[in-house]
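K.L.:
Residue strings, one per chain:
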Amino acid sequence: MIPAQFDYVTPATLNEALALLAEHQDDAKILAGGHSLIPAMKLRLAMPQMLIDIGRIKDLAYINEEGSQLRIGAMTTHYQIESSARLKDLCPILPQAASTIGDVQVRNKGTIGGSLAHADPAADWPAVMLALQADIVVVGSSGERLIKADDFFVDMLTTALEPGEILREVRINIPTGNFGQAYAKAAQPASGFAVVGVAAHLTRDANGNCESASIGVTGVASKAYRATGVECALVGTTLDDAAIASAASHAADGVDLNGDLYASADYRRHLIQVYVRRAIAAAQQ
Amino acid sequence: MAKYVGEKIKRTEDPRLIQGIGHYVDDIKLPDTLHVAFLRSMYAHAHITGIDTSEALAAPGVVAVYTGKDVADKVGAVPCAGALPDLKVPDYRVLANDHAVFVGQPLAAVVATDKYAARDAIDLIMVDYEELPAVVDVEEAAKEGSPLVYEEYGDNIAYRLTSGEGDIEAALGAADKIIKQRVVHQRLAPIAMEPRGVLARYFPGEQELTVWSSTQIPHLLRTQLAIMIGIPENKLRVITPEVGGGFGSKLNVYAEEALLGWIAMQLNKPVKWIETRRENMQATIHGRGQVGYIEIGCKNDGEITGLRYNVFADMGAYLQLLTPAIPTLTGLMLSGCYKIPAIQMNITACFTNKMATDAYRGAGRPEATYVIERAVDLVAAELGMDVVEVRRRNFPQPDEFPFATKTGLSYDSGNYQGALDKALAMADYTGLRQMQKQARDAGRIVGIGVSTYVEICALGPSQAMPAGGWESATVRIEPTGKVTVLTGISPHGQGEETSFAQIVADEFGIALEDVTVIHGDTAIVQYGIGTFGSRGIAVGGTAVFLAVEKLKEKAKQIAAHMLGADASSVTFKEGKFSKPATRAASVAGGVSDPDVPVSEAPAAALPEPNVEDKQISIQDIALAAHIARELPPGMEPGMSATHFFEPTNFTFPFGTHICVVEIDKETGDIKIVKYVAVDDCGKVINPMIVEGQIHGGIVQAIGQALYEEVVYDEQGQLITGTLMDYALPKAAMIPHLELDRTETPSPVNPMGVKGVGEAGTIGATPAVVGAVVDALSPYGVRHLDMPLRPEKIWQAVNQA
Amino acid sequence: MKIEGTQEVRAPRERVFQALLDPEVLQRCIPGCEKLEQTGDHAYAATLRAGVGSIKGVFTGQIKLEELQPPSHYRIVIDGKGQPGFLKGTGTLDLEEKDGQTMVSYAGDAQIGGTIAGVGQRMIQGAARMMVAQFFAAIEVEANHDPDEEPPKHGFVRTALRVTKRALQGSNAADQSAAEDVEGERKK
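Listed in order, the protein sequences are those of chains A, B and C.
So the first sequence is numbered by numbering that gives the first Met the number 0: it starts at 0 and just counts up by one.
So the second sequence is numbered by numbering that gives the first Met the number 0: it starts at 0 and just counts up by one.
So the third sequence is numbered by numbering that gives the first Met the number 0: it starts at 0 and just counts up by one.
Simulated from the structure, these hints should not be mistaken for lab results.
A quick note: this is a predicted structure, and the numbers were derived from the prediction, not measured.
Ideal Cβ placement from N, Cα and C applies to all residues, glycine included.
Careful: at least some of the hints might be erroneous.
To be verified - Computed, partial: chain B to chain A, Cβ under 8 Å:
(1) 115
(2) 118
(3) 793
Unchecked claim - Heads up, incomplete: computed chain C residues facing chain B, CB under 8 Å, no partners named:
(4) 68
(5) 84
(6) 85
(7) 107
(8) 110
(9) 112
(10) 117
(11) 118
(12) 120
(13) 152
Could you put the whole structure together from the sequences, leaning on the hints where they help?
P.N.:
In structure tokens:
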């Protein structure tokens with residue numbers, strides 16, 4: 000629990016941070032809250048030679064509305080999202096999911112950008128970003144690019160971020176129409192990470208039928224994923240119990256499920272369906 | 000008049016702890032301190048065929064590197080105080096020599112100018128391991144043909160012991176029903192908030208060694224370290240500054256403590272080691288670790304005829320201070336709060352390639368309580384009786400105390416019916432059962448668990464203890480009237496700075512603020528035993544009380560002398576000694592006073608110049624005792640008294656815990672919807688501290704029932720290596736606890752106190768498990784092993 | 000820890016087996032392999048910088064190939080250790096021809112110790128699967144590669160992306176070409 004030696008730098012601007020990252024490449028890691036990175040360093044499972052703390056860069060922590068979009072800065076803490084009255088109105092799944100992350104200390108220091116870039120297979124935000132079909136804005140030496148959430152999570156602790164890039168912002172279309180959304184989670188009692196986490200975003204058409212469904216699942220596989228089987232099965236239904244249950248049975252289709260000390264793969268397979276149902280039910284409330 | 004005793008006085012320790020201005024070992028900074036890091040075995044079982052430290056020695060900042068060979072004939076073996084027939088005690092050295100027996104065992108120590116350099120150098124030490132098959136499962140370890148932890152022993156059996164009285168075969172033979180059940184008491188990690196830590200400094204001129212250690216037993220540690228290091232005990236000073244919890248894990252003598260002391264002497268520099276949480280999980284003792292087989296016989300009316308418990312006790316790879324004694328404590332308490340005509344326990348204690356087990360809050364008694372309470376529940380289930388009814392049927396009556404058990408104990412006092420009735424009323428047990436029926440009719444899974452426990456506290460009479468069970472106290476009144484208490488117990492969260500001060504302040508009739516309680520420094524405090532076994536108040540507090548009584552007697556003699564009165568006539572009230580009221584006062588009142596002693600009458604007939612002269616405060620007496628001009632002839636000056644209290648028996652607190660759970664049928668999640676506890680720990684000094692102890696104990700019991708488990712894999716790798724995997728209960732996971740008490744004083748000490756430090760941990764676990772099993776009884780479940788993870792519950796529901 | 004599975008490698012079986020025997024190919028394909036020196040008949044001393052994401056450690060040890068039955072079977076024995084712990088394991092690879100492609104069945108048992116065992120149990124299985132997938136993806140590229148050309152470079156991130164997608168979602172997600180994968184090598 001004593002980390003190896005590292006340099007610690009606090010760039011004042013994003014460009015400075017990018018230059019440092021370009022210079023030090025693999026030897027450097029971005030510090031964006033540090034609630035996963037620092038423990039890994041204390042265990043010497045991660046030994047970066049330089050930590051680039053982007054916490055001092057102005058204007059990376061914000062929740063803005065721009066046109067039809069919400070824009071959330073990478074350094075926005077879970078607590079800032081949890082406590083945002085505006086988000087509770089516009090996109091309630093964000094504060095609701097934030098409130099389930101870790102504990103108060105984690106929520107006060109951990110950031111949405113840090114969580115997404117780390118891509119822990121049991122983190123909560125990836126499921127929510129998938130369900131909201133968010134765009135993730137990353138910036139590198141050659142400029143900015145947008146990565147769709149669907150393309151962002153590559154594998155365990157692996158994202159589509161290229162070396163030298165920094166996650167800058169998350170963009171989410173402000174939900175419109177007759178929509179409902181919710182995050183349902185079974186938390187591991189030791190870590191607080193999701194044993195299963197399901198984010199659901201649904202819209203209904205004028206007749207009250209399911210017009211679209213977007214379901215993100217985390218905690219059960221090597222990365223968060225969209226439960227497309229569930230989504231397809233829901234669309235066009237009246238979202239009655241039978242339809243939801245039937246759709247939920249597709250929640251783990253084609254997914255290689257993880258088992259661990261706390262929950263076997265079989266139990267997780269069962270839990271996903273339960274939590275898909277619960278997330279959808281909660282989304283309709 | 001008690002002013003403080005019995006009151007919810009806020010703990011005087013807390014302001015400094017809450018503000019973070021207390022001093023733990025790591026807060027003590029000495030100039031030129033070197034830091035120690037340990038290389039620990041990666042393998043559960045291996046021959047060490049070579050250790051190359053040359054690269055580490057050459058690393059920047061490294062001052063010294065020691066291996067097992069360097070210290071083999073310098074530092075003695077880690078001590079075990081267990082005294083059992085035919086006990087095998089492995090020669091466990093502070094650094095492994097050529098045989099590593101568990102993951103986390105120290106192999107080498109690096110000393111460097113800072114902790115980072117020390118840690119860096121650990122990675123530069125090259126160890127050649129020759130892996131050996133690991134012994135992990137305790138029942139497998141007992142089998143013939145199992146791999147051996149120690150080849151030279153020929154088997155893995157540390158000891159076997161049969162205990163108990165009564166004809167067990169006859170008792171079980173006379174039963175209408177015999178119920179058998181295997182139960183697992185999983186390994187737990189104590190997880191004190193402050194891990195262990197040692198700072199050692201040698202004064203070469205004075206040839207004195209000072210060791211600061213986060214321990215529960217400074218004096219016992221001093222004795223043992225003196226033997227291990229080979230320094231005269233009176234040249235060794237052990238100081239325990241603030242200690243951030245122990246739960247039994249610091250009731251021990253650890254390899255690191257001795258090694259740090261020895262290194263400080265080699266290098267003539269202060270050396271420090273603060274345990275990391277990873278080390279704490281690996282190499283601080285674990286608790287529990289028993290797998291047992293219950294056999295209980297009963298009559299059809301619920302009367303218990305006999306109990307047999309065959310248990311495999313997991314010692315781990317070697318014996319720490321009390322490792323082998325813990326299962327024997329289980330044997331002592333197997334009768335629970337019931338009249339059982341015959342009890343037999345057969346212990347098979349085994350070595351395994353894991354960290355040693357030892358005392359963890361409750362230390363053998365939670366296991367006993369769990370066994371007997373689960374057994375009684377099984378009887379109820381078998382007979383279709385209510386769990387309360389079976390318990391009530393087997394209780395001894397209040398007038399049967401002292402009550403002798405077939406485990407060889409004499410329970411001091413008890414009223415088990417009283418605590419049970421109070422808890423049933425608080426919980427509205429009848430209403431709960433109705434609610435349960437309605438809930439079940441509605442398809443919900445609801446259960447009610449009841450635990451009626453008794454435990455053994457105030458450890459203990461020296462005859463029954465491995466190394467003395469008495470406790471010491473010195474009470475001094477300083478010339479200014481302030482009172483200093485030196486206690487041999489070494490509190491580390493139990494709040495005795497407050498509760499002892501309450502006792503002393505009341506007895507002297509002085510203000511609480513005028514009492515300071517000092518502990519945890521062997522150079523200041525007379526020899527003591529320490530804090531464990533819920534002995535703080537009942538043994539240590541009694542020693543304080545009796546030292547105060549000695550001092551009061553001395554003060555009274557001085558008062559009588561100063562007041563010119565006979566000591567037998569002097570009274571003491573609210574801090575003042577008084578001469579009896581005088582005739583003059585009575586005459587002035589115009590009424591004849593029949594209470595005036597005849598001998599006083601002539602003198603009292605004279606007018607008194609000043610009525611106040613007839614009173615003298617304890618503070619004035621203390622000053623007089625130090626000035627020593629006005630003392631009775633032959634009296635020693637000074638105002639100090641010491642008492643070494645030897646208890647005549649243990650104390651036996653008891654109570655009833657009721658837990659109500661609701662289970663999520665789909666996920667197996669358990670929610671505790673109600674928790675009621677009525678505890679009886681005898682007389683209470685500070686109800687707030689008692690409640691705090693009950694709260695903490697119940698939380699740790701819930702932890703065992705639902706969440707916690709130290710898990711080693713088949714190769715002996717500890718796979719619950721951090722708090723990301725080892726699930727401690729957190730505040731948000733704990734329900735509101737409804738607490739109350741009954742008060743049955745103990746006859747074995749003058750204050751009637753019993754002890755409460757471990758009660759919650761002992762009483763609560765069976766209530767929680769009982770509630771879950773009760774909830775699942777419609778699914779054919781009679782028992783489930785802890786921890787009751789949701790998956791286990793889900794399986795139970797779905798396999799039905 | 001048991002690891003087993005079947006991996007489709009889109010290349011002829013002989014080529015795949017050849018690739019699986021070639022130390023130069025192995026060094027390129029084993030994720031994080033920095034050094035692979037022959038020490039005997041199909042025996043190698045290896046240095047791996049292995050891990051996932053920011054979690055990485057350096058391991059040194061031996062790799063041995065046994066029970067060689069070209070082109071259908073061999074056994075691999077790995078014994079390595081490093082700062083984060085040790086890894087010891089054996090595994091068998093069985094290659095079957097199927098419509099001109101190769102189905103590789105692998106079954107292994109690995110023993111893991113040290114810090115990675117103590118703190119990583121939640122992720123070890125997934126990390127192992129990920130590295131296996133990366134390995135076979137690279138082998139596929141190698142087996143399809145013209146031996147006369149410059150050896151390919153493997154962008155593990157991208158190849159893993161493709162393989163994982165294929166495994167998880169079937170055909171609907173194979174949206175990136177192999178060429179792109181190879182170009183996915185980290186820009187230096």
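K.L.:
For each hint, tell me whether it holds in the structure or not.
P.N.:
Right, here's what the structure says about each hint:
no., hint, result
1, 115, "holds (6 Å)"
2, 118, "holds (4 Å)"
3, 793, "holds (6 Å)"
4, 68, "violated (29 Å)"
5, 84, "holds (6 Å)"
6, 85, "holds (6 Å)"
7, 107, "violated (15 Å)"
8, 110, "holds (5 Å)"
9, 112, "holds (5 Å)"
10, 117, "holds (3 Å)"
11, 118, "holds (5 Å)"
12, 120, "holds (5 Å)"
13, 152, "violated (31 Å)"
Of the numbered hints given earlier, the model fails hints 4, 7 and 13; all others are met.
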